[in-house]
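Now for the letters of each chain:
2 protein chains.
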Amino acid sequence: MDQRLSLITLGVADLARARTFYEQGLGWTPRQALPEVVFYQLPGLGLALFPAEELARDVGEPLAAPGGAITLALNGRSRDEVDAVFAQAVAAGARPVKAPGAVFWGGYSGYFADPDGHLWEVAHNPNCEITPRGETLFAAP
Amino acid sequence: MDQRLSLITLGVADLARARTFYEQGLGWTPRQALPEVVFYQLPGLGLALFPAEELARDVGEPLAAPGGAITLALNGRSRDEVDAVFAQAVAAGARPVKAPGAVFWGGYSGYFADPDGHLWEVAHNPNCEITPRGETLFAAP
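So the protein lines, in turn, are chains C and D.
Numbered according to the working numbering, the first sequence spans residues 1 to 141.
Numbered according to the working numbering, the second sequence spans residues 1 to 141.
No wet-lab data here; the hints were simulated from the structure.
Nothing false has been slipped in among the hints.
So these bits of chain C aren't anywhere near chain D, every CB distance computed over 10 Å:
#, residue
1, 14
2, 15
3, 17
4, 19
5, 35
6, 79
7, 80
8, 83
9, 93
10, 115
11, 126
Covered stretches of chain C (chain D as the covering partner; in silico rule of three or more C-beta atoms under 8 Å from a C-beta of chain D):
#, stretch
12, 1–13
13, 22–31
14, 45–58
15, 61–69
16, 72–78
17, 94–106
From the three backbone atoms N, C-alpha and C, an ideal C-beta is built for every residue, glycine too.
Okay, chain C solo, but in the shape it has when bound (with noise of 0.2 Å):
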């Protein structure tokens, strides 16, 4: 199996209700939005918004609630960038889960939850590169 990723897929209660958080409130832009499903482009793979009942009936079982034992990160450049990230997730709904500060592996970090409890961390990583095309390379030890 390669080592890449094509696709995930968020479940959501309310597709109006996310796609407003995402585009309104972080400033996405959908590369697809059809009425059942909406697709972002991001560096390298998507990120699908699906309603979960039908995630649930295409993966062909009862899924758990959002906030699994998974969390999504975005890398900033700077901790000024990763208050501002922050800042700008609570202001557009989010639930800040933890405020962002130094944490024990020399870097910064918080965490908001998206209106569906999906798990964002905003961070930054000194060891970690972010290239012009906003692909995020981590250093070999």
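Add chain D to chain C, keeping to what the hints say.
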């Protein structure tokens, strides 16, 4: 907030078991393997395995079980590749959730759960381009 994603962190019950699945089972190579966390570089972003207990401590609140309303997808270049990846994952100990088959949107898709219950879709989407670098590009409408 930039329209991009830096890292996906999967909370795991047993880091050694999870590494065995992703490395011996699926053939992935870590960029950095520390005793408490392992990073894989994917095209454009990283994927980390991190003990779920530590992840909850980092988030600052209890997390729900894996298998929540979020899925990760690997798009193959053909239906045969989807079948091969699904078979490889199941042979490596994944739980088969939905055998690959044709789906309503014109593609071909199946689901497996990794040893911690994280849901992976394996799909062929004829409207997606997979670049030689392994990036997945979604078609505009």
